[in-house]
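There are 2 protein chains.
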Amino acid sequence: MELLIRNAIKEDMSSVLKLIVELAVFEKEPDAVEISEEDLIVAGFGDDKQFDCFVAEADGEIVGMALVYFRFSTWKGRTVHLEDLVVKEKMRGKGVGKALYRRVMEYAAEQGVKRVNWVVLDWNKPAIDFYEQTGATILSSWWQVEMEELALKKFIEQKE
Amino acid sequence: MELLIRNAIKEDMSSVLKLIVELAVFEKEPDAVEISEEDLIVAGFGDDKQFDCFVAEADGEIVGMALVYFRFSTWKGRTVHLEDLVVKEKMRGKGVGKALYRRVMEYAAEQGVKRVNWVVLDWNKPAIDFYEQTGATILSSWWQVEMEELALKKFIEQKE
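Quick note, the sequences are listed as chains A and B, same order. Start counting the first sequence at 524; every next residue gets the next number (our numbering). Start counting the second sequence at 524; every next residue gets the next number (our numbering).
For the record, the hints were derived by calculation from the structure and aren't laboratory data. These figures come from a predicted structure and were not determined experimentally. Glycine included, C-beta positions come from ideal geometry on N, C-alpha and C. Hints may be right or wrong, so weigh each one.
Listed next, the stretches of chain A that the computed footprint assigns to chain B, with coverage defined by at least 3 CB atoms under 8 Å from CB atoms of chain B [to be verified]:
#1 549 to 559
#2 576 to 585
#3 592 to 603
#4 630 to 639
#5 665 to 676
Make a model of the complete structure from these sequences and hints.
In C-alpha cells:
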C-alpha cells in the first residue's frame, strides 16, 4: 500500500464529509452531522478560513482525515485543537491513523504552539492507550459543557 | 453597585491577566499561567485576532471577564467556545458571573452559531448546577486530552 499524507484540497471535502459521518456513527450519534460539503468548502477554503485539514490517501483513495484549528488558552496562548481524526473502517490497523496523528503533531510543532488538545470518549480504551503511549495526558476531571441552539434561544429569551 | 458589561479594550488586559491568574489559583494550578499582558494585547487586538473578551465593570473597577473564540465542529459548523469566565473573589454572589454568562450567550446568538461549548471541573458543583439550570448539557463521558510542548517535542523526535 502506498500511503500519502497531504493537505486537503476543496475537491476532497466530499470524501471528508463521508468520513465525518462514519465517525459520528462510530460515536453512536448517526444523526448529529448537520454540515454539508459546501459548508466544509466555505469554512476550510474561503476568505474566513476556520480549519486546516489533512487527508490520508492510500493507492489514490482518501482513507482518512484529520481536521485541526487554533484555539486560545489563557494559560498557554495559541494551541492546536484536533477536532477529528478518522480512518475508514476497512483501513484501520494499517498505520493510517498513526501517520495522520504524527502529521498533526508535526504541524503543531511547526506552528510553535505550547499545546495540542482534543477529546476522547471514556469508553474508547484503545484510543486512550495510544494517546498515553505517545506522551499525551488524559484529563478525566474536566467535563465538556454544551449549550445547543434551541437551549441558547430559550435562555436568551428568558427575562433576567 | 453599578454594573456594566462591555467589550474589553487593550487597556483592560492588565486587569484581565490578574483575573486569569486568580482563576488558575482557584483551579489549583497557580503556576500554569505562562501568558503575559503583551501576549494578550497581541492576540486579542492585533491583525491576527485570536479571541474576543468581555469585561464586567462595577463602579469603574474591572471585577470579571469572559473570553471567547470560535471553534469549528464537523457536526455543527462554527461554534463559540467560552474559554474562561472569572469573577473577582470579593465580588462573587452579586450577579456579575450571570451577567457575563448572559452576554456570552447573546454574543453567540448574534453570531448565529449552533452551539456554545466550554469545560467545567467535575468537583465544581455550583457551576455545574448553574449551567444545567440555564439549559446547558454536561458531557461527562468526553474527556480532555492534552499534548504539552515537551511531550510534543519528544514525540516528534521519535523514529516512527
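Each hint, compared with the structure:
1. Only residues whose beta carbon comes within less than 8 Å of a beta carbon in chain B count, and the stretch 549 to 559 of chain A has 5; three or more means the coverage holds.
2. Residues of the stretch 576 to 585 of chain A lying with their CB closer than 8 Å to a CB of chain B number 0, which falls below the three-residue condition for coverage.
3. Only residues whose C-beta sits within less than 8 Å of a C-beta in chain B count toward coverage, and the stretch 592 to 603 of chain A has 10 of them, enough to reach three; the restraint holds.
4. Taking a C-beta to C-beta cut-off of 8 Å, the stretch 630 to 639 of chain A contributes 6 residues in contact with chain B, enough for the three needed, and the coverage statement holds.
5. With a threshold of 8 Å between beta carbons, the proposed coverage of the stretch 665 to 676 of chain A by chain B holds, since 11 of its residues qualify and at least three are required.
Violated hints amount to a single one, hint 2; each of the other numbered hints is respected by the structure.
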